[in-house]
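S.K.: In case you want the letters, here they are:
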Amino acid sequence: MTYGAMTGTKTHSLKGENMDRFLRINMTNRTAKFEPVPAQYKDRAGRWLTSSIVHDEVPATCHPLGPNNKLVFSPGIVTGTSSPTSSRISVGGKSPLTGGIKEANAGTGWSRRLVRLGIRALIIEGKADGLWLLKIDKNGAQFEAADSHAGARLSEVYPPLFTRFGGLKTVDVCSIGVAGENRMSAAGICFNDQDGRPTRYAGRGGLGAVMGSKGLKFIVVDDAGAEGVAIAKQDVFDAGRKKMAAALTEHAITKPRGALNSYGTAVLVNIINEAGALPTHNFRSGRFDGAAKIAGEAIFEGNKERTGKELYNHACSPGCIIQCSNTWHRPDGSEHSSCVEYESAWALGANCGIDNLDQVAEMNLLCNEYGLDTIEIGGAIAVAMEGGVAAFGDGARAIELVHEIGKATPLGKILGAGALVTGKAFGVARVPHVKGQNMPAYEPRAIKGIGMTYAISTMGADHTAGYTIAPEMLGVSGKLDPLDPNKTELARAFQYATAFIDTTGHCLFIAFAILDIASGFEGMVEECNGVLGTNWTADDVGRIGKEVLDLELDFNRKAGFTKADDRLPEFMTYEPLPPHNVVWDVPDAELDKVFG
Amino acid sequence: MRVEVRLYASFAEHAPTHRAGDAFYVDLEATDSLLNLISRLGIAAKDVHLSMVNGRVVYDRSQILQDKDRIGLFPPVGGG
Numbered sequence: 002m003t004y005g006a007m008t009g010t011k012t013h014s015l016k017g018e019n020m021d022r023f024l025r026i027n028m029t030n031r032t033a034k035f036e037p038v039p040a041q042y043k044d045r046a047g048r049w050l051t052s053s054i055v056h057d058e059v060p061a062t063c064h065p066l067g068p069n070n071k072l073v074f075s076p077g078i079v080t081g082t083s084s085p086t087s088s089r090i091s092v093g094g095k096s097p098l099t100g101g102i103k104e105a106n107a108g109t110g111w112s113r114r115l116v117r118l119g120i121r122a123l124i125i126e127g128k129a130d131g132l133w134l135l136k137i138d139k140n141g142a143q144f145e146a147a148d149s150h151a152g153a154r155l156s157e158v159y160p161p162l163f164t165r166f167g168g169l170k171t172v173d174v175c176s177i178g179v180a181g182e183n184r185m186s187a188a189g190i191c192f193n194d195q196d197g198r199p200t201r202y203a204g205r206g207g208l209g210a211v212m213g214s215k216g217l218k219f220i221v222v223d224d225a226g227a228e229g230v231a232i233a234k235q236d237v238f239d240a241g242r243k244k245m246a247a248a249l250t251e252h253a254i255t256k257p258r259g260a261l262n263s264y265g266t267a268v269l270v271n272i273i274n275e276a277g278a279l280p281t282h283n284f285r286s287g288r289f290d291g292a293a294k295i296a297g298e299a300i301f302e303g304n305k306e307r308t309g310k311e312l313y314n315h316a317c318s319p320g321c322i323i324q325c326s327n328t329w330h331r332p333d334g335s336e337h338s339s340c341v342e343y344e345s346a347w348a349l350g351a352n353c354g355i356d357n358l359d360q361v362a363e364m365n366l367l368c369n370e371y372g373l374d375t376i377e378i379g380g381a382i383a384v385a386m387e388g389g390v391a392a393f394g395d396g397a398r399a400i401e402l403v404h405e406i407g408k409a410t411p412l413g414k415i416l417g418a419g420a421l422v423t424g425k426a427f428g429v430a431r432v433p434h435v436k437g438q439n440m441p442a443y444e445p446r447a448i449k450g451i452g453m454t455y456a457i458s459t460m461g462a463d464h465t466a467g468y469t470i471a472p473e474m475l476g477v478s479g480k481l482d483p484l485d486p487n488k489t490e491l492a493r494a495f496q497y498a499t500a501f502i503d504t505t506g507h508c509l510f511i512a513f514a515i516l517d518i519a520s521g522f523e524g525m526v527e528e529c530n531g532v533l534g535t536n537w538t539a540d541d542v543g544r545i546g547k548e549v550l551d552l553e554l555d556f557n558r559k560a561g562f563t564k565a566d567d568r569l570p571e572f573m574t575y576e577p578l579p580p581h582n583v584v585w586d587v588p589d590a591e592l593d594k595v596f597g
Numbered sequence: 007m008r009v010e011v012r013l014y015a016s017f018a019e020h021a022p023t024h025r026a027g028d029a030f031y032v033d034l035e036a037t038d039s040l041l042n043l044i045s046r047l048g049i050a051a052k053d054v055h056l057s058m059v060n061g062r063v064v065y066d067r068s069q070i071l072q073d074k075d076r077i078g079l080f081p082p083v084g085g086g
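Quick note, the sequences are listed as chains V and Y, same order.
Per my numbering, the very first residue in the first sequence carries number 2; after that it's consecutive.
Per my numbering, the very first residue in the second sequence carries number 7; after that it's consecutive.
Chain Y with its partners taken away, still in its complex shape:
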């Protein structure tokens, strides 16, 4: 399966274009979880503050991903 990924703030360096918010695609096994994806991207899981799957915040990183899922990963961010 293939998922659509966007990395934000300081995670942008792990994206192919090194730009926050540029979408890229990652091929995964059908049994891969969000945690597997984070590891594949070279990001330390402890640094991930928020994960979104299809626009929903996901706190359980063992969640198995689905084909065409849209994933966004964030370090701690806040503002207003």
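Same shape as in the complex, but just chain V:
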């Protein structure tokens, strides 16, 4: 079917209307409607806006896969401008994994194109039969049937879509994979990177299942002829952008040829392992004997051996200075998998006892092909290993298990429903989750502040909710003892600051630079003031962050969450974690004080 023959609703024009609007899509009857941004949402974008809309429009008690849930996309405040490292897209909705509010974000040019079309939020409502492609461009929104793409690997469907819609210079593509089509709770939402790879995920919380439940398979965005992002105070914006760029270029972690550019995020494998905090064998130990074999350094050296040259990482999205996205290559030098992140190398590697990078990279590739969150899948497989489905360290069997998910077999569907469901199916007590979301790659017994963050986050166990690892482990913005349990203020402050960064459209990794370099932090605020015409100061960062968290906490309360949900799993309180032999010992009362 050609674009000209698209079925569905009439085209809704953007021309001649004010920029900065919402695009509301009703999947039930496939209609599209542009709306002005309501006054109460002025200045809101990114996570602040997705969480506002979900809070205000989605009944907290609705079924996440039912017609009353909504899926909301919003680029950040400075996304689409010349601000560096700012092409994030926030995606929000009620999570089928946690049953609470969710915001997951990804770096992709898709976000930039959406906001340059003047679309501050894209809201998907209702529920269609079959699978559909939504095309958005300056002439409006159109639909066409996409059933013929069901069940295909994403690397097979992206290239023909690019060919058809004008190539990478013209469009970016958002999609779900077979996991989302089957409404699995570990399904993420995929966006392409700058080279068209379907590899950048708003991964956590099962938002891909929400998109699948609505019958939406693809969202293709073409920004040709778009007017771009209006900037209220150009001089203020320029000053802020320069400070931000200088901080990112100067800091040892974020600068070109710095740690992230050279070794990728997986550079953390060794440091967290050395600290005794790398969850291993489904959170039985904090040290993995094979850690160095799956770490960023091993990726760098392995690529050098296989390709004959030193490969530095690439930017996942336009305008990024940090450029941390890696590729892993086969013995013949051809590209195998991208991006082998720290979290993925850990989840599919150490957590499953697998120290073979080729096997880890294959599982990573398959998660991208099937549309899965690598953290939740690594967690589910490790729990299944605990339950006797496979032996720890059996990479060949683990790869087969990911294929089971891709084939949507009954076993695959159990795994694809996440670690908690897998634990129930196989009678496992050691399930490292909070609010149904598997923990990421930092052991809370060995790093107390991140454990507090897991416990109280509105998102379930989530390191990106407040990356206290920076001062607790990395000597960034402080030098704290990871085993010190007195981190109530830290856990609160980091979650507020993070909610603000998630609102700006910047990647969270700017935090490494702006927490250490004060002018970078000022630059972030000034960029926002430049775009919006506001007069925010550093105090507004905390104020806005608190507002975001308050909205999310309120949604979760209405959804039925209580303080009893703000706890780590029981086994962590009685199983000492080697090598430090520590248990989870932060008092419940301290957890309850974080958000009061």
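A hint or two may mislead.
Once the Cα atoms are required to be at most 25 angstroms apart in a straight line, the calculated DSS-like pairs of lysine-lysine come out as [what the hints assert, rightly or not]:
1) V/Lys-243 / V/Lys-256
2) V/Lys-480 / Y/Lys-52
3) Y/Lys-74 / V/Lys-256
4) V/Lys-547 / V/Lys-43
5) V/Lys-139 / V/Lys-43
6) V/Lys-408 / V/Lys-425
In short, the hints are calculated from the structure, not lab data.
Chain V is fixed; fit chain Y onto it per the hints.
M.R.: Then chain Y, alone, in the frame of chain V:
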């Protein structure tokens, strides 16, 4: 005394195998500190961002090492 050492990221070139995370052993005097060890390895102290002794981050490099200590040294690293 003898300590067990692992060097990471760009420090790997100072390890006997030139590979990050490969353990090797260094013989020290009983009074040697972490700083003495760093110097023995040929690494400039200013380049060391994080030092770990037995899995604990140590910021005071004058700390005297003990026999069988496990030491890990890192330049600035971050990720997530």
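S.K.: Can the restraint linking V/Lys-547 and V/Lys-43 be considered satisfied, given a maximum Cα separation of 25 angstroms?
M.R.: holds, 17 angstroms
S.K.: Please work out if V/Lys-408 and V/Lys-425 have their alpha carbons no farther apart than 25 angstroms.
M.R.: Status holds; Cα separation ~21 angstroms.
S.K.: For a C-alpha distance cap of 25 angstroms, please report whether V/Lys-243 and V/Lys-256 respect it.
M.R.: holds, 15 angstroms
S.K.: Check whether the Cα positions of Y/Lys-74 and V/Lys-256 lie no farther apart than 25 angstroms.
M.R.: violated, 36 angstroms
S.K.: When you check the alpha-carbon spacing of V/Lys-139 and V/Lys-43, does it fall within 25 angstroms?
M.R.: At roughly 23 angstroms apart (the allowed maximum being 25 angstroms), V/Lys-43 and V/Lys-139 satisfy the hint.
S.K.: Assess, step by step, whether the Cα of V/Lys-480 is no farther than 25 angstroms from the Cα of Y/Lys-52, and give holds or violated.
M.R.: holds, 17 angstroms
Violated hints amount to a single one, hint 3; each of the other numbered hints is respected by the structure.
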